[in-house]
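**Student:** Below are the chains, spelled out letter by letter.
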Amino acid sequence: MLKQRWAQKKMTLLMFLCIVVGLSCLAQVFFIEAKAFIGQVLIENAWQKSLEKKELHKAWPWADTYPVARLGIQSQDQTLYVLAGDSGEALAFAPSMTTHTSFRGQPIYLVQAHNDTHFTFLESLEDGDQLVLELLSKTDVFTVAEKRLLKKPQLMISDELDTAMLLLTSCHLAQNGEVGHQKRFVVAAYPSGASLRSKMPISDSTIKEKE
Amino acid sequence: MQMIEVKRSTSSRVNLKLMTLKAVAYDCLWLFCFVAFWLIGDHALAVERTLQFGAPEQPNLSLRSIESGHQIESPLAVNTDVYIDIVGPIVRTRVVQQFMNPSQYWAEGLYRYPLPENAAVDQLSMYIGERIIEGQVHEKHKAKNIYTQAKRDGKRTVMLEAPKDNLFTTQVANIPPGESIKIEFVYQEVLALRDHGYALRFPIVATPRYYPRRSDAGMQQTHPDAKLSYRDANTPNGNPVNFHITLDTGMAIQTMHSASHKLKREQVGPTRYKIEAGSGQESNRDFVLSWTYKAQENAQMRLFTEYSNDKYYNMLMLLPPAPDTQMNYRARELTLVLDVSGSMSGESIRQAKAAVNEALDQLQIEDQFNLIFFNDRSWSVFPQAKPANANNVARAKRALRNQSASGGTRMSEAFQLALPLSQTQEWLRQVVFITDGAVGNTDQLLAQIKRALGTSRLFIVGIGAAPNSYFMRRASEVGRGTYAYIGQLTQVEQKMVSLFEKINKPALTEIELLLDVSVDALLPTKIPDIYLNEMALLLFQSQSAPTELLIKGLQGDAPVYFQQALETEADVSGISVEWARRKIKDLQAQILETSTDRKAALIDELSEIALKHNQISRYTSLVAVDVTPIRAGATLAFEQIRSNLPKGWQLKQQGTQTLALAQTSNGLAWMTHVGLLWLLVALALGVFSCNARRHSRSRNGA
Chain Z
366 MLKQRWAQKK
376 MTLLMFLCIV
386 VGLSCLAQVF
396 FIEAKAFIGQ
406 VLIENAWQKS
416 LEKKELHKAW
426 PWADTYPVAR
436 LGIQSQDQTL
446 YVLAGDSGEA
456 LAFAPSMTTH
466 TSFRGQPIYL
476 VQAHNDTHFT
486 FLESLEDGDQ
496 LVLELLSKTD
506 VFTVAEKRLL
516 KKPQLMISDE
526 LDTAMLLLTS
536 CHLAQNGEVG
546 HQKRFVVAAY
556 PSGASLRSKM
566 PISDSTIKEK
576 E
Chain P
84 MQMIEVKRST
94 SSRVNLKLMT
104 LKAVAYDCLW
114 LFCFVAFWLI
124 GDHALAVERT
134 LQFGAPEQPN
144 LSLRSIESGH
154 QIESPLAVNT
164 DVYIDIVGPI
174 VRTRVVQQFM
184 NPSQYWAEGL
194 YRYPLPENAA
204 VDQLSMYIGE
214 RIIEGQVHEK
224 HKAKNIYTQA
234 KRDGKRTVML
244 EAPKDNLFTT
254 QVANIPPGES
264 IKIEFVYQEV
274 LALRDHGYAL
284 RFPIVATPRY
294 YPRRSDAGMQ
304 QTHPDAKLSY
314 RDANTPNGNP
324 VNFHITLDTG
334 MAIQTMHSAS
344 HKLKREQVGP
354 TRYKIEAGSG
364 QESNRDFVLS
374 WTYKAQENAQ
384 MRLFTEYSND
394 KYYNMLMLLP
404 PAPDTQMNYR
414 ARELTLVLDV
424 SGSMSGESIR
434 QAKAAVNEAL
444 DQLQIEDQFN
454 LIFFNDRSWS
464 VFPQAKPANA
474 NNVARAKRAL
484 RNQSASGGTR
494 MSEAFQLALP
504 LSQTQEWLRQ
514 VVFITDGAVG
524 NTDQLLAQIK
534 RALGTSRLFI
544 VGIGAAPNSY
554 FMRRASEVGR
564 GTYAYIGQLT
574 QVEQKMVSLF
584 EKINKPALTE
594 IELLLDVSVD
604 ALLPTKIPDI
614 YLNEMALLLF
624 QSQSAPTELL
634 IKGLQGDAPV
644 YFQQALETEA
654 DVSGISVEWA
664 RRKIKDLQAQ
674 ILETSTDRKA
684 ALIDELSEIA
694 LKHNQISRYT
704 SLVAVDVTPI
714 RAGATLAFEQ
724 IRSNLPKGWQ
734 LKQQGTQTLA
744 LAQTSNGLAW
754 MTHVGLLWLL
764 VALALGVFSC
774 NARRHSRSRN
784 GA
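Protein chains in written order, with this note's numbering: chain Z, 366 to 576; chain P, 84 to 785.
Hints are computed from structural coordinates only; laboratory data are not their basis. Positions of the beta carbon are idealized from the N, C-alpha and C atoms, including for glycine. Hints should not be assumed to be uniformly reliable.
[To be verified] A few chain Z residues that face chain P, going by a derived Cβ cut-off under 7 Å, partial list only:
{"id": "1", "residue": "LEU379"}
{"id": "2", "residue": "CYS383"}
{"id": "3", "residue": "GLN477"}
Work out the full structure: start from the sequences and follow the hints.
**Tutor:** Laid out in structure tokens, this is it:
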């Protein structure tokens with residue numbers, strides 16, 4: 366009799382344990398979503414300040430990075446505020462951008478974000494979609510012209526590239542849950558009106574070596 | 084009887100159930116642990132990844148030269164002869180570059196090559212037959228104008244520029260078809276004594292790389308190094324470099340060898356050697372020559388003096404005596420500051436903690452110490468430095484063990500804690516600052532350090548792809564300490580431990596110069612401590628030649644004096660050049676640190692010193708122009724001379740540039756599923772236990 370009651374108690378305990386674990390998972394999800402959402406609000410404020418004073422402002426005083434751009438995706442009716450760098454800390458709050466220079470001296474803007482917070486729409490972008498990248502100094506309109514799935518988290522850019530380029534990348538959606546997340550989805554956009562000389566400026570490392 | 088049997092059977096059933104429950108519980112525990120680890124681990128992994136991706140060296144890179152005008156079929160070639168004259172630590176190097184133009188066009192050549200980090204170029208000449216045309220130093224843009232004008236006028240001309248990163252540029256215009264132009268420049272460097280000897284390095288190749296740079300906008304950028312253009316890896320090495328060296332070692336040497344080249348060595352005096360080296364095959368690696376002396380028991384001092392521009396320029400070489408085992412230990416106050424921000428998580432924090440632990444072990448009973456942690460806030464283990472007794476050390480170790488890495492990076496508060504207003508005079512106060520952080524507000528931080536430093540020595544350890552090495556090097560220079568950069572995460576512990584061992588026992592501290600003349604313009608402005616097997620080089624000006632040298636310092640905690648009468652062997656050339664080089668470097672650092680209004684004045688001061696001492700710098704270039712025009716009408720072809728690919732390098736992905744991508748998935752969908760699954764399990768358990776209860780109650784009722 367006593368043993369039986371003990372077993373039942375254990376069972377109840379186990380049940381509560383399961384509930385706690387389950388809820389903590391969901392809380393984690395909520396926490397990540399909340400961070401991504403609140404990040405955008407805070408960064409929006411900082412960005413407005415940056416625009417007014419024409420100098421960079423941190424979104425919160427202990428931040429490791431600064432807001433550097435605003436990205437408008439017209440087809441998705443979305444506006445995203447972008448932080449500098451590509452650190453895990455920055456990515457938790459907002460899409461993050463690093464700027465590189467192509468062989469011919471043109472800027473390459475590489476914007477990365479998580480595929481389940483800010484870049485959920487990435488794989489549904491279509492060729493011809495307009496992207497508006499507002500930097501502190503200027504605003505450029507880019508047109509989506511190329512989409513590609515990469516097997517490895519690295520991107521090769523041909524030295525034939527002769528215009529500026531905006532790259533949006535994120536982990537491949539179908540890979541969620543797998544360990545490692547090797548595959549990346551890349552959307553390349555070029556300044557509206559620019560004619561491309563090279564056919565395939567971005568590529569997988571594996572593809573390039575065969576050529 | 085029956086009742087008992089029934090009971091037994093139920094109890095065994097319960098037992099069985101309990102056992103399965105136990106198994107399920109174990110499984111659940113494992114799953115729970117797994118989920119917990121996954122939640123924590125995913126974050127850590129993401130951070131570590133980005134760190135790897137941010138690493139500065141990216142060998143898969145090829146570059147194109149930017150060429151304009153005509154393309155030359157048979158390329159220009161450069162033959163380099165290097166004449167090195169070494170007296171003690173002073174090295175004067177004469178580099179002769181012969182630009183050969185085998186084509187039928189008039190040519191302009193551009194050649195980029197590295198020079199030693201401490202090289203100060205102060206002479207340029209161009210040879211035309213028997214005539215020698217001396218180059219002159221001008222401000223950079225003026226030199227460029229002179230060069231361009233001469234080029235347009237068809238005169239033979241050469242310009243030498245020193246852009247950033249120790250890559251120098253020679254531009255030679257109007258090389259007649261089938262002929263060559265020979266130019267020569269002289270630079271000087273002063274070698275630093277390490278481990279009882281000197282190592283001379285003449286860089287021949289520059290490795291291709293990306294430069295991680297912080298742009299003005301504060302974002303991190305990587306630029307492919309578009310300045311260099313490489314020869315195809317399959318072609319044999321061009322641009323041979325030959326070395327002709329005379330070496331006066333000053334004292335009897337113990338060993339001499341070159342790890343890079345074959346040497347032809349000939350002894351011409353008791354301490355004098357003639358050395359020849361170099362061939363085309365060996366021009367894809369840097370030249371290294373090293374020699375060592377026997378360990379010295381007494382302090383060694385040497386003063387070199389040069390009279391130039393109405394002033395005496397002096398260089399003091401000070402080598403502390405070999406450590407005495409009887410030497411008194413000078414008690415230290417050691418403050419360890421450890422970055423525990425999120426980016427340190429993983430291997431960095433693990434190894435840094437191990438190294439700090441080791442440093443705590445090395446503390447002596449008479450030492451004082453404190454341990455400070457920082458991320459977005461800063462906190463210390465003790466409110467102020469405490470004696471290093473077993474109790475306190477154990478407490479610090481416990482705090483260290485319990486520390487994990489999370490949060491952002493804010494350094495200013497940590498510096499405030501580490502450099503308090505009231506500092507000890509009694510102990511040697513050392514602050515070791517360990518971080519991997521990017522620093523944004525460097526000017527404010529440097530100002531803060533300068534203000535609060537007091538008597539402290541500041542040592543900085545930079546870990547990983549820290550983008551702000553400049554700040555860290557400069558801060559440790561200001562703080563009379565050293566900067567250790569650790570790029571490889573696997574070396575963190577080992578390199579930090581060797582730093583701790585080094586600063587454990589400085590050979591000579593609190594050094595003061597007591598001369599019979601007044602010392603002006605001393606560089607470095609504050610005399611640093613000297614560590615084991617290292618030496619100090621001090622440069623200063625004076626109105627008359629010093630005749631007696633007295634140096635005061637602390638060896639352990641005992642004051643020592645070194646005295647030496649000087650014979651006026653006044654004229655060693657090159658001291659003023661070395662003084663000017665250091666002054667230029669110091670000004671350069673100040674220019675980077677100051678706001679706009681003082682900047683112009685500092686640039687003027689730098690240019691003035693560079694022009695006076697005939698030195699090229701970031702703001703001044705050397706240019707030489709022949710008097711007579713030789714080209715009229717014919718077009719000029721431009722070509723950048725291709726460098727040899729460093730030994731062991733291959734440019735595989737020709738024509739592409741690689742960008743590394745970060746980890747960009749939270750796995751939210753999966754995590755939601757897992758969460759719901761657990762709730763489902765809970766529900767099932769609830770139903771099951773309800774059923775079981777009802778069952779037992781009904782049976783009890785029966």
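**Student:** Next step is simple, just say for each hint if it's right about the structure.
**Tutor:** Consistency of the hints with the structure:
1. LEU379: holds (6 Å)
2. CYS383: holds (4 Å)
3. GLN477: Check passed: Cβ of GLN477/Z comes within 5 Å of chain P, closer than 7 Å.
The structure is consistent with each of the numbered hints, conforming to all of them.
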